[in-house]
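Undergrad: Protein chains in written order, with the working numbering: chain A, 1 to 315; chain B, 1001 to 1311.
Some hints here could point you the wrong way.
Claimed, not checked - FRET-style restraints, in silico, Cβ to Cβ: (1) A:Ser-33 to B:Ala-1305: 28 to 38 Å; (2) B:Thr-1275 to A:Asp-90: 50 to 60 Å; (3) A:Thr-67 to B:Arg-1063: 19 to 29 Å; (4) B:Ala-1305 to A:Asp-77: 20 to 30 Å; (5) B:Thr-1197 to A:Asp-77: 51 to 61 Å; (6) A:Thr-67 to B:Ser-1083: 32 to 42 Å.
Note that these hints are calculated values from the structure, not bench results. Don't be surprised by glycine CBs; every beta carbon is placed ideally from N, CA and C.
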Amino acid sequence: MLRGVRTVAPMIEVQELTKRYGATLAVDGLTFSLPAGQVTGFLGPNGAGKSTTLRLVLGLDAPTSGTATVHGRPYSDLAWPLRAVGAVVDAGDVHDGHTARRHLRALARSNRLPPARVDEVLVAAGLTGAADRRIGGFSLGMRQRLGIAAALLGDPGILVFDEPMNGLDTDGIRWIRGLLRRLAGEGRTVLLSSHLMSEMELVADHLVVVGRGRLVADTPMRRLIEEHSRPTTLVRAAAADRPRLAALVGRLDLHATPVDPDGWLIAGPAADPARLGRLALDQGIPLVELTPRYSSLEDVYTRMTSTAVEHRGAA
Amino acid sequence: MTATNPTSGHHSPPDASGPAPAGGRSGDQGDTGTPGNARPTGIGRTDGGTGIDGPGRGTGGRRRAGLREAVAFEVAKLRATRSLIGTVVAAGVVLPVFAVIVALTDSLQPDDTILGASLTAAVFAQLLAGVFGALTLTGEYAQGTIRTTFLAQPRRRVVVTAKALVVAVALTGMGLVASGAAFLIGWAMLDRDAHPTGDPWPALAGVALTLAATGLLGLAVGAVVRRSAGAVAAVVGVLLVPSLVAPLAGDFQRWVAGAAPAAALEKLTQTSDATADTVGALGGWPSLLVVAVYTAGLLAVATWALQRRDA
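Chain A extracted, bound-state conformation:
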């Protein structure tokens, strides 16, 4: 997605950010910066400091040391916060007794946003039918939509979502995936944390991975997967050719795991599909399938975070 954009100052910048709650070091010298126009996934196991970092960025908590800025300044120095940053920290941060419309109208007043904007974001979030119902009766998915509506209210350049897919159904997840891509496509900065690796893999351009409050990785998604992947190739033959394929696999002493039916998952350097295809051709074995496979983000992530934890344990 190349475009004629000159390099701009980071929209979200975190420098040596540290937050200590009593004896617990929740965030430990975290540094990263996010440019505009991409979706950044914020990953880490529970307790890794993701939510704390987001709260520090949003000025809800004060850092023990270090700085976090949005649009180049601390959140608390923003002139019109909702016009600059839209955030959902917790979909439960709404008054159950209010209707969705009233909640948004009140928020609009806080930053002098036109009341008509409320109707627009209700449409954008797919909440028009529920606009005048009490939030107390909302499902978690509807609360997520309301939170996102509130975040969009000020048409901000930066969007921060903490676990926005929680409680959303399949339609909702498809909707938010499209929305996040679209927001980034419009040149906004989108930072989202999520535990849903498969979703993250679909939606994020860039990843910031934290473990135990420390930075584990800050890299484009594609590069992260390529660098940490263990490529494998699935080969499969027709049932009649199975013994011959088995013989080939056995003779080559490949790192192979049998896969039903009649196939093998080849790992390691021998997994090059071109080479495997050539070998099968030489032996006259007709292959039914020859599929290179890359690790999923989940595989890579699991490996990385377990390594990070081990490192910390050894230190």
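Based on these hints, arrange chain B on the given structure of chain A.
TA: This is chain B only, laid out in the frame that chain A set:
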């Protein structure tokens, strides 16, 4: 998904003083929306807007969101929150209701004024006023909306100031109407030959202002305690305990009881209970001033605590 969204795009052109916007936004990115979704998305951004932090269209030329916006926000939240409205209404209703009860039962002390008898429930209303003040803040902590509030206005001093203004105005208005109504009921129903009327003006205004001050005291307590139950208990304690422990204070009884918010109220309602022996010789208005001074001090402490602590 349509590219045009006539009502959106309230952003100003890029502000030279702000951070540079990312260029290249072309409004609609036809390939990224939810497939088959023909509705306008309402996300806006059709003007190549900036999303930068600067004054936008519709900001009335104001440099940044300040007290005016914060007050509008608080009023909107208050109007939508039934429990808060209910507390104010209850505080307002008890005054005339008790005036009627006192009149019907003719339960006046011989030395009571009509004003004092009409405002029998003043201290009860005061408790509710204090609870109201506390709940305007603790309710937000209970619901989690305090985070939403601080995201909309991160300068917490502005938030507290806005809440204080709304609490004070709501309670002053309610206090004037309710105490005025209570007095008129008493004046109409009680035996004016048997009892002196008292001096209703400006005492009624003083009553209303005392209720407002008590609401602010509650707000300050709420900011420090943050939990509704704890804050309500603390407010009730602050309001009632001085008169309970004062008799134990010996020669200081008049000072302990006399400085309590309830004492200011009793003096202003000119009830026969407020004798110089129990609550001191300081008049109603000076007592209110004392309450106002320490309430202001407590609010300052509360604001400081709110700014320091994580939301």
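Undergrad: Which of the numbered hints above does this structure break?
TA: Checked against the structure, no hint fails, so every one of them is satisfied.
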